[in-house]
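Asks: Sequence:
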Amino acid sequence: MLTNPIAYLSQIEDPRRQNKNLLHPLKNILTIALTGILCGYSDWVAIEDFASENQAWFASFLDLTNGIPSHDTFSNVMKRLNKDQINRYFSQWINHNAPKHKHIAIDGKFVQGSHHDNDNLQLVSAYASEAKLILAQTDINDKANEITTLPQLLSLIDIKGSTITADAMYCQKDTTKQIIKQGGNYILALKNNHKTLFDDVSLWLNTQFDNKQLKVYETTEKDHGRLETRRYAISTELDWLEQKDQWHTLNAVVMVESTRDIQGNVSTERRYYLSSLTDLTTIGDTLRKHWAIENSQHWVLDVIFGEDTAIKLERDEKANIALLTRTALNLIRANGDANLSVKRHKIRASQNTAFREKLLFGKFL
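Numbering-wise, the sequence shown is residues 1 to 365 according to UniProt numbering.
Please note that a few of the clues may not be correct.
Below 30 Å or equal to it, Euclidean Cα-Cα: the simulated DSSO-like pairs (lysine-lysine) are [said to hold, decoys possible]: (1) LYS173 <-> LYS160; (2) LYS79 <-> LYS160; (3) LYS173 <-> LYS244.
Just so you know, the hints here were simulated from the structure itself, not pulled from any lab data.
The task is simple: from the sequences and hints, build the whole structure.
Replies: Written out as structure tokens, the structure reads:
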């Protein structure tokens, strides 16, 4: 059960000038915005209308002396909020409430809808696969920022005892050092962004695998006419690898060969990973969780919450709305009914105040 996040988010510094003309406290704006998103509304006009229709309910726990903020007020405040602060307080809220996590996936996602078509927002989230909770979020400002993003994100959360999985973009030496320093383990995808290392690892694993010199773990999955067989192979003998000591606590290199049969059309690909873990079954199971998250998580955010809409917003406003969207999704998954879909949670919350209170506050008012 998650507690009300507003107590944490309200600590964010109000970007507006503090004077007698300030009509609506930041707490009101954030609470109404989050509740509107939780109930399925995705633009400020709709959220203003929803709040006006439910003003008596909001007034039962907010000071609405000056009424409901206008849609322009929501937009102006959200585009000026310090996104680093809102990310930090979000992480404090979720980590205060959430248990330890065995697996945390680093998930990157582009969000369209900025004012500049070539400036789509790229968000990076830390996602706990067992609890299905988003633990932290940050955005990548530019190409140079990609390498430092993951260490900054990990510094916001407790990863002791957790295994971190991430795509090749985040496969960096400093990342492995940070993960181990914080008490975690890692499985990081390896591609051509580290060309020499990739060539050495892929050549070794391919040769050893083809000659049946490696331990192999195999899984088969069937789904809607698609048959996928994955063969996981591991090498913990790394004396041949010149760069081994440059990667903190590198204990194994892993290959995954995926063979897909879709109605008779067969394709095969091989992927490679660096890992501090050495148990092949654990590595394989953890990687499958990571791949499942990439598909399901993006679908919920894009289709159910309409995150990837064509509405043009300022970059920081889009990032802050994305954070509130993830807050709403966490509340649904932690405080909701396991038998209801995310979509049905939103519909019911919009129509039933008791159900809405349970999601938002973790209890009935």
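Asks: Each hint needs a verdict: does it hold in this structure or not?
Replies: Cross-check of the supplied hints:
no.	hint	verdict
1	LYS173 <-> LYS160	holds, 19 Å
2	LYS79 <-> LYS160	violated, 34 Å
3	LYS173 <-> LYS244	holds, 11 Å
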